[in-house]
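Number of protein chains: 2
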Amino acid sequence: MQENILSLSYGKVTSQTLLFSEKLLLQSGKYIENYELVIETYGKLNYNKTNAILICHALNASHHVAGFYTDDLKNIGWWDNMVGPNKPIDTNKFFVIGINNLGSCFGSTGPKSINSLSGKEYGANFPFLTVEDWVNAQKKVLDYLQIEKLAAIIGGSLGGMQALSWSLQYPDKLDNCIIIASTSKLSAQNIAFNEVARQAILTDPKYHLGNYYEYNTIPEHGLKLARMLGHITYLSNEDMASKFGRELKFDQYQYSFEAEFEIESYLRHQAKKFSQYFDANTYLLITKALDYFDPAKKYGQGDLNQGLAGVMCKFLIISFTTDWRFPSSCSIEIVKSLIHNKKSVSYANINTPHGHDAFLLENIHYHKIMANYINHIFKEVK
Amino acid sequence: MQENILSLSYGKVTSQTLLFSEKLLLQSGKYIENYELVIETYGKLNYNKTNAILICHALNASHHVAGFYTDDLKNIGWWDNMVGPNKPIDTNKFFVIGINNLGSCFGSTGPKSINSLSGKEYGANFPFLTVEDWVNAQKKVLDYLQIEKLAAIIGGSLGGMQALSWSLQYPDKLDNCIIIASTSKLSAQNIAFNEVARQAILTDPKYHLGNYYEYNTIPEHGLKLARMLGHITYLSNEDMASKFGRELKFDQYQYSFEAEFEIESYLRHQAKKFSQYFDANTYLLITKALDYFDPAKKYGQGDLNQGLAGVMCKFLIISFTTDWRFPSSCSIEIVKSLIHNKKSVSYANINTPHGHDAFLLENIHYHKIMANYINHIFKEVK
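Chains as they are written, first to last, in our numbering: chain A, 732 to 1113; chain B, 732 to 1113.
Derived from the structure by calculation, the hints contain no laboratory data. Worth double-checking, as some hints may not be accurate.
Pairs count within a copy or across copies, as identical chains cannot be separated in the list.
Claimed, not checked - Derived DSSO-like pairs: lysine-lysine, alpha-carbon spacing no greater than 27 Å straight-line:
(1) Lys980 x Lys1113
(2) Lys1029 x Lys980
(3) Lys754 x Lys1113
(4) Lys974 x Lys1019
(5) Lys980 x Lys761
(6) Lys1029 x Lys974
(7) Lys1003 x Lys1067
(8) Lys1074 x Lys1110
(9) Lys1099 x Lys843
(10) Lys871 x Lys1113
Whenever a hint applies, use it, and build me the whole structure from the sequences.
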């Protein structure tokens, strides 16, 4: 089984670490210097450097988009079902780039990295980041790779926000923008869930004001709560009902606070796994970046029509019917503003029970739409 | 303004504490003895004792349904807009009873009460409770009041589960059952949210395995997180968007973890208030009772048609269009099962933006439907 998955996968990959020594000015007015970004690439860059696709990752993912590592066969890229030879994002045709976001915890410089100025972890001193900052950092990688213009930028969820922001920050640097299960801004409810997750971490006594590395501990309870809560919002009500329903671990009620419904066990297990590999400070930073994103903010009453007036590329927008984290209405709002601005936009609302998580899963309609659109892009690559 | 509210209110009320010295056997197999229940009544019991209505309260409410206390004018009952003279539940016609649930923290015996056997607070030793246990305890109050049969039992949310359970546990002891914004069982998503809330409390170092009273502290952070999360599920996405949207407290982003969106301030404020009056052990117990409730459980595949076959009273079921905690589909499931069993049932789905909280708020359609149905009950009172 494992072998089968691997043979269908992109195959063996290695990541590279790029060091940037110049200062990167951030939206907050602060800056970061001597930062590293980890990247992974798939396929070959053509002679004219016109076949590059940038994939932007979501909250807990990384540069490791597809394939596996020779020393860690089970660590398969998070979008291996979408990216690879003859897959919708076809690495026989395109040069695909994954970049671990600045501030993340999978190799790129983040709160748990050593700050060269102080000689110890950044911790709470790591500057706040925005989606725009991530895009600016990604642009540095493309400059390094000497890629003038991308055939496409593709992202789901938070990655979709980065793709949208690219189309505004560097409108002439991409031909196509594919935004999946995303939104142009968080709702009050989205911000509220993020705030509960943050408070869980911030009020964990082991958070130590963000400098828990020095205490050789982690705010495990807070991080677990944040993950459990996040996980609920990634799944649809229907999906949870059909996967777990009211199934019990034992025949009878236990009258205890141990996990007795299957859904409780599942969430605890997911939370534990997450707390073992994800950094709490990164979680805090990413939720704030999510909250801040709102390209329409500077226009009267947050007018998205004005907000998107400057884009130049073509768009494919995809949403999922049971996604209640970023409901279809969020995608439709982007589509309408693009139409208002007479931009080229295709839109699909995929029928699925799998909620927000659907953007990561195989679905014949979703994958066909992606494959068709991306094939069409290839015809225009010179 | 304050005076206006008071003049429209039921008026001055006092509560009474009833002591029950016999053992009450609980669903868990444990029992409780020498327990107190606090009650409040409104209106007058008629000669035949046939005009009594029991109101069952939800998670954070109490016996204090209507009116105010002379020494605490601002402490107005939680359903004062529904219960009073000439109000939908008309205290000129009915004798209305509010009972603080066993295990609660507003006077009835609960985890923070002194256990007469040990001489100290029950704490973690307070037995687990179920909706059925609450109903059995309420029945003791009615026996004390020598009320043989209730004209109606009415409850919203968790109170609606108690009303439904009454119709099954004591089918010949009520003529009418009004179930508002409720469900016959929690979904996996509902249980998941409860589990996050419980883990927030249980993993707070100040929880001290439930015996925090001895340490003269409370698991404040955990309780606040639980309340913030609960609060999100009480409001609809639409309601939150129109009340708070992305409003900021300051003109510009602060790049800090202080509250900067209005929704963050609101949730923190609500959480703080709640943590100052509600007991964390009670919160844990109530969420477990919610999770356990499932009158169809003992029938094949949880068949609600079989589960409700034994009811004898008439029903009014009310849901609210934007309630996503207990969506209209949960009410419709009850309605369908009652129809399947050829029982008398009326149903209304009230159009409102206010989510689950709508059951506590004034709404002309909702209140008219309640008033009409309850007037109809009065015509049948002998």
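Hint check, failures only: 1, 3, 7 and 9
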